[in-house]
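Colleague: Sequence:
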Amino acid sequence: MRKSVIITGASKGIGAETAKKFAKEGYNVLINYNTSKNNAIEIKKEINKKYPNVIAEIYQCDVSKYDECKKMTNFALSIFGNIDCLILNAGIAQNKLIIDTSPKDFDMLLDTNLKGAHNMILAVLSNMISNKSGHIVCVSSVWGISGGSCEVLYSASKAGLIGLTKALSKELGYSNIKVNCVAPGVIDTDMNKNLTPKEKNELENSISLGRMGKPEEVADAIFFLSTSDYITGQTLVVDGGFI
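Numbering (the working numbering), first residue to last: 329 to 571.
Please note that a few of the clues may not be correct.
Derived DSS-like pairs (lysine-lysine); straight-line CA-CA distance at most 30 Å [as the list claims (entries may be wrong)]: (1) 542 <-> 377; (2) 398 <-> 352; (3) 377 <-> 365; (4) 443 <-> 372; (5) 424 <-> 526; (6) 378 <-> 424; (7) 542 <-> 443; (8) 399 <-> 378; (9) 460 <-> 494; (10) 373 <-> 340; (11) 521 <-> 331; (12) 340 <-> 424; (13) 393 <-> 340; (14) 352 <-> 521; (15) 365 <-> 542; (16) 460 <-> 432; (17) 424 <-> 365; (18) 424 <-> 331; (19) 365 <-> 494.
Computed spacing ranges between beta-carbons, pair by pair [stated by the list, open to error]: (20) 536 <-> 559: 30 to 36 Å; (21) 534 <-> 409: 28 to 34 Å; (22) 561 <-> 434: 23 to 29 Å; (23) 421 <-> 460: 35 to 41 Å; (24) 426 <-> 559: 34 to 40 Å; (25) 407 <-> 538: 29 to 35 Å; (26) 376 <-> 426: 43 to 49 Å; (27) 434 <-> 376: 38 to 44 Å; (28) 352 <-> 434: 34 to 40 Å; (29) 394 <-> 495: 16 to 22 Å; (30) 537 <-> 365: 32 to 38 Å; (31) 491 <-> 530: 28 to 34 Å.
Source of the hints: derived by calculation from the structure; they are not laboratory data.
The C-beta atom is built at its ideal place from N, Cα and C for all residues, glycine as well.
Based on the sequences and whatever the hints tell you, model everything.
Modeller: Structure follows, in structure tokens:
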């Protein structure tokens, strides 16, 4: 049976490149999106054209809502039969001084970035445990390791994913389920599209390799962790030497 993957937040950026990477490697792919339907459709079309032997489907789901996550998982199982990999990429960012944030901001970021991961793990876990096999990869951030000024809530949510990874890997090891995490640095995605040329130049000068990362470079790291048989509980930093 062909292997399959669910990728949350897969309509653009790192998620979209990850969908393409898994399809290239022969996986059936479920492309999750919340609001960017047209982007998801285009990713599906591209995969169908390049890799006609794999199944690519799109599914709208707000990962902060468990019932929607469960429905999406059931849809994937009905199409693919099994879920071999879960990539927890859905996330939102916010740039504010902590004093300007609100309880609503806290709920919004943590519900999507951390609770969303928990919801999806709950939704897929029974299938992976019954198969005694599976890979889960969380997409965190270097700010989850070092913290980012004016991104306190985002940093907290991404740090939570690293803690989740460490704890869950210990809990699921006996079921042969590997849980890992990637922590991207400054990646050339829509999340950084509002940087001024000066801000971009300053950031690139602070990166050892002298440039922003590419989404496909993070996708390669995610795929690596999704195919390793003896790596679990780890956080792989993909930042070009930023921190």
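Colleague: Compare the distance between the alpha carbons of residue 424 and residue 365 with 30 Å, and conclude whether the hinted pair is satisfied.
Modeller: Distance of about 28 Å is within 30 Å: holds.
Colleague: With the threshold set at 30 Å, check whether the alpha-carbon distance from residue 352 to residue 521 stays at or below it.
Modeller: holds, 27 Å
Colleague: Verify the CB-CB distance for residue 407 and residue 538 against the hinted window 29 to 35 Å.
Modeller: Check failed, 43 Å falls outside 29 to 35 Å.
Colleague: Mind checking the alpha carbons of residue 521 and residue 331 for me, to see if they're no more than 30 Å apart?
Modeller: Not OK: residue 521 and residue 331 at ~34 Å, beyond 30 Å, violated.
Colleague: Lying within 28 to 34 Å: is that true of the beta-carbon distance residue 534 to residue 409?
Modeller: Since the Cβ atoms of residue 534 and residue 409 sit about 46 Å apart, the hinted range of 28 to 34 Å is violated.
Colleague: Take a quick look at whether residue 393 and residue 340 sit within 30 Å of each other, Cα to Cα.
Modeller: holds, 21 Å
Colleague: Given the hinted pair residue 443 and residue 372, is their Cα-Cα distance within 30 Å?
Modeller: With a Cα-Cα distance of about 27 Å, the restraint between residue 443 and residue 372 holds, given a limit of 30 Å.
Colleague: Does the beta carbon distance between residue 394 and residue 495 stay inside 16 to 22 Å, or does it fall outside?
Modeller: holds, 20 Å
Colleague: Residue 399 and residue 378: Cα distance at most 30 Å?
Modeller: holds, 28 Å
Colleague: Does residue 377 sit within 30 Å of residue 542, going by the straight-line distance between their CA atoms?
Modeller: Roughly 23 Å between the alpha carbons, so the hint for residue 542 and residue 377 holds.
Colleague: Hey, residue 377 versus residue 365, does the alpha-carbon distance stay inside 30 Å?
Modeller: holds, 18 Å
Colleague: Does residue 526 lie within 30 Å of residue 424 when you go C-alpha to C-alpha?
Modeller: With Cα atoms ~20 Å apart, residue 424 and residue 526 stay inside 30 Å; holds.
In the structure shown, a violation is registered for the earlier hints numbered 6, 11, 16, 18, 19, 20, 21 and 25, in ascending order.
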